[in-house]
Amino acid sequence: MGTPVSSVVIVGGGTAGWLTAGVLAASLKKQNKSAFDITLIESPSIPIIGVGEGTWPTMRRTLSTIGVRETDFFRECNASFKQGAKFAKWVTGKDDDYYYHPLVLPTGFQDTNLAPFWQEDSSRLSFSEAVCPQESLCEVGLAPKKITTPEYAGIANYAYHLNAGKFSEFLKKHCTEKLGVRLVLDDVVQVKATADGDIAAVVTRNQGDLNGDFFVDCSGFKALLLNGHYQVPFVSKKDVLFVDSALAVQVPYPREDSAVVPHTVSTAQDAGWIWDIGLSSRRGIGHVYSSAHTTQEQAEDRLARYLEESTESEAGAADLEFRKLTINPGHREQFWVRNCVGVGLSAGFLEPLEASAILLVEISARALAEQFPHTRESMNILAKRFNQTFHYRWDRIVDFLKLHYVLSKRTDSEFWIDNRDPSTVPDSLQELLELWRYQTPWHGDFDRTVEVFPAASYQYVLYGMGFETEPNPHGVSEDSRKTAAQYFASTQQQTRQLLASLPQNRELLNKIQQYGMQRV
Amino acid sequence: MPDLVALDRSKHKDLRVITRRGEDLGDRVHLVPVVASELSSLVLDYPVCFLKEDNTGQFGLYAILGFEAGENLFLSGEQWEASYIPLHLRRQPFLVAQPPGNEAAQGDAQAEGILTIDMASQRIGSSQGEPLFTPEGEKSPFLEAVEKALGELLIGARATEALIRALLKNDLVESAQVNVEFASGEKRNFDGLYTVNASKLKSLSGDVLGEFHRRGYLLACHLLIASLGQMRGLIRRKERRAS
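These protein sequence lines map, in sequence, to chains S and L. Just so you know, the working numbering puts the end of the first sequence at 520, numbered straight through with nothing missing. Just so you know, the working numbering puts the end of the second sequence at 243, numbered straight through with nothing missing.
Think of the hints as simulated: they come from the structure by calculation, not from any bench. Just so you know, not all the hints are guaranteed correct.
[Stated by the list, open to error] Examples of chain L residues toward chain S, derived with CB under 7 Å:
1) Lys52
2) Val173
3) Glu174
4) Ser175
[Stated by the list, open to error] From the derived model, a few chain S residues whose C-beta atoms are all more than 12 Å from chain L:
5) Met1
6) Asp111
7) Asp187
8) Glu256
9) Glu377
10) Arg410
[What the hints assert, rightly or not] Computed beta-carbon distance windows for the label pairs:
11) S:Asp121 - L:Glu186: 38 to 48 Å
12) L:Glu186 - S:Lys173: 48 to 58 Å
13) S:Asp239 - L:Thr56: 53 to 63 Å
14) S:Phe221 - L:Thr56: 42 to 52 Å
15) L:Thr56 - S:Glu300: 44 to 54 Å
16) S:Asp121 - L:Lys187: 33 to 43 Å
17) L:Leu218 - S:Gln504: 26 to 36 Å
18) S:Ser123 - L:Ala69: 34 to 44 Å
19) S:Gln504 - L:Gly210: 38 to 48 Å
Even glycine gets a Cβ: it sits at the ideal position worked out from N, Cα and C.
Start from the sequences, fold in the hints, and give me the full structure.
This is the structure:
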């Protein structure tokens with residue numbers, strides 16, 4: 001018999017801590033007969049970072065696993081629907097320059113690659129408009145479902161925008177009241193190790209030792225356990241992704257019934273880009289930039305100008321407070337050491353261009369829940385695999401983020417020019433770009449079960465940004481041309497049908513407040 | 001557009017209402033809202049399901065009369081081919097309206113509403129049909145029956161809402177998988193119909209089960225589940241019309 005693992009101590013609340021607690025508690029309860037003791041230590045003195053306000057569609061499954069009602073989530077977290085991202089001014093920087101990375105896969109994506117056929121005639125519709133309805137829905141501000149659609153089901157694929165502070169509180173309430181997670185309000189001041197180097201206990205300021213078999217470090221940038229205790233080195237990605245600073249601001253809507261944009265808007269600036277996220281209650285806007293390419297004053301000026309141009313309120317940005325954050329792009333050399341795993345900012349952070357932060361928390365928590373170490377003996381092997389898997393995932397995210405910069409044609413500032421310097425582009429990405437000059441991204445390019453971004457995401461960014469793949473020298477068969485034509489036609493038909501039937505995003509959010517969604 | 005006016009003994013003393021059924025009288029409907037107290041009568045002829053209101057997503061209880069909009073398979077000329085006609089059809093063209101500012105009273109079964117009549121209804125005339133008042137100016141037996149039906153509907157609507165709330169609270173509503181195959185070989189799936197989850201109903205226990213029994217919800221659930229068997233009857237009606 002091995003030594004059973006039956007108590008888990010999570011250090012740190014916030015989105016990472018509570019999501020991990022929720023996923024672990026719900027899954028372990030479902031899988032195992034005997035109860036697990038899950039404790040979360042939340043510091044009463046350290047505020048959560050709470051700027052992660054965009055999710056992936058995976059969050060629907062995560063929330064449903066944890067066992068919360070989607071209606072409650074919308075009502076209590078000021079949530080809204082997110083149907084992907086609109087990238088403005090990333091290619092040329094001109095006013096009419098934009099493309100979408102939607103969440104709906106291209107029509108027929110399981111069996112047919114429409115990209116080469118679209119490239120033959122790319123003059124009429126953008127790639128995303130030609131292969132899926134979502135760009136058209138976003139452009140007119142529609143919701144991805146109706147009030148009659150059950151919770152967690154979508155007519156068009158969707159993710160969320162949410163208030164991170166409220167989300168943590170919402171999860172905390174559910175975890176402690178429904179899932180039996182024990183909350184300890186205290187600060188961790190010391191770590192006690194066993195003779196062979198495992199963590200035996202964390203010492204809290206007021207409540208003494210908290211023993212555990214397994215520890216999860218969700219303590220944020222500080223990484224109390226991974227960094228503070230184990231001193232796992234940090235792998236910086238600043239040579240690839242230059243953004244290292246952020247200014248964040250919360251912007252009220254001018255009216256109670258103001259439209260809520262159903263997608264994230266990311267607008268490129270001369271030394272970074274600005275995110276714009278619509279919640280039901282307010283917008284969250286922020287400028288991330290490279291401090292090597294601009295000053296904080298200039299960045300503040302850019303953000304203020306964006307607010308003036310994009311908000312209807314006459315007050316403008318004058319009385320809004322900018323919050324400054326420092327970003328250290330990169331991740332720990334190991335995420336799981338002995339009996340301790342880092343989830344969230346303690347594991348690492350990259351600029352929020354593709355909302356990968358909360359996603360990484362979800363897939364880390366899910367990986368832990370699905371392959372939870374039953375015994376101490378199985379832990380080292382699981383740790384090795386977890387580290388391999390997550391190294392791969394971080395690298396793919398770095399590649400995918402860098403892709404947005406490499407494909408830009410902007411020459412108006414050093415930031416954009418430097419970003420295309422081949423010495424800053426990972427070899428793995430250079431190789432893919434070389435391949436895609438001759439063939440369009442397809443399933444086989446990303447064949448691991450642990451893929452973060454499917455080939456579809458690469459297609460949306462590549463062809464959204466005007467990348468050119470050479471036509472197949474062998475030509476395409478009549479059969480495949482016919483199939484493609486049918487898919488293009490059915491996409492347009494579906495687009496028309498959805499445009500005629502889906503409600504405005506604000507309208508549906510109001511109805512969710514008033515009536516709620518049904519579970520079935 | 002309905003034109004609702006409060007029923008007035010003197011203004012409407014000569015009014016008559018046509019009570020026969022007919023396509024020309026607004027009976028070409030494939031769904032009729034019903035109340036739970038009607039279930040024991042409805043189950044003899046009609047499938048009864050929950051449907052979501054388009055505008056709110058909230059569930060309502062409906063008898064199914066046909067497979068598509070405008071198809072009423074129980075209507076044959078002026079005849080209604082079933083032993084029971086839902087209250088909602090029998091009360092037409094009358095409605096009970098709550099006076100403005102009286103919304104709070106809606107939760108109170110005793111609250112008096114105002115009896116109104118839809119003057120735009122094709123059922124209204126002065127030559128044929130049932131009189132509303134006797135020559136002496138008293139309520140006719142017909143009007144008294146209508147008032148009784150409306151009273152039943154009003155109380156029934158509240159009880160039905162309570163039933164639906166209880167079912168949802170206990171997660172007992174599920175999508176009804178209605179796959180119909182006609183003799184012609186045509187197959188159709190009908191989405192948007194909901195019923196009671198029988199296996200979850202069976203696993204109810206303790207206080208909840210006791211309360212379901214006491215309040216009559218248990219009986220209502222069994223009647224609802226049984227009524228789905230009338231889909232076969234509905235198919236037969238459709239096939240008879242086709243042949």
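Hint-by-hint comparison with the structure:
1. Lys52: holds, 4 Å
2. Val173: holds, 6 Å
3. Glu174: Cβ of Glu174 of chain L sits 6 Å from chain S, so the hint holds.
4. Ser175: OK, holds: Ser175 of chain L within 7 Å of chain S, min 6 Å.
5. Met1: holds, 36 Å
6. Asp111: holds, 24 Å
7. Asp187: holds, 41 Å
8. Glu256: holds, 20 Å
9. Glu377: holds, 39 Å
10. Arg410: holds, 45 Å
11. S:Asp121 - L:Glu186: 38 to 48 Å: For Asp121 of chain S and Glu186 of chain L the Cβ distance comes to about 39 Å; the hint holds.
12. L:Glu186 - S:Lys173: 48 to 58 Å: Holds: the Cβ-Cβ distance is about 51 Å, inside 48 to 58 Å.
13. S:Asp239 - L:Thr56: 53 to 63 Å: Given about 55 Å between the Cβ atoms, the range holds.
14. S:Phe221 - L:Thr56: 42 to 52 Å: Given a distance of about 45 Å, which is inside 42 to 52 Å, the answer is holds.
15. L:Thr56 - S:Glu300: 44 to 54 Å: holds, 45 Å
16. S:Asp121 - L:Lys187: 33 to 43 Å: At roughly 38 Å between Cβ atoms, Lys187 of chain L and Asp121 of chain S fall inside 33 to 43 Å, so the hint holds.
17. L:Leu218 - S:Gln504: 26 to 36 Å: violated, 42 Å
18. S:Ser123 - L:Ala69: 34 to 44 Å: holds, 42 Å
19. S:Gln504 - L:Gly210: 38 to 48 Å: At roughly 45 Å between Cβ atoms, Gly210 of chain L and Gln504 of chain S fall inside 38 to 48 Å, so the hint holds.
Violated hint: 17 only; the structure is consistent with all others.
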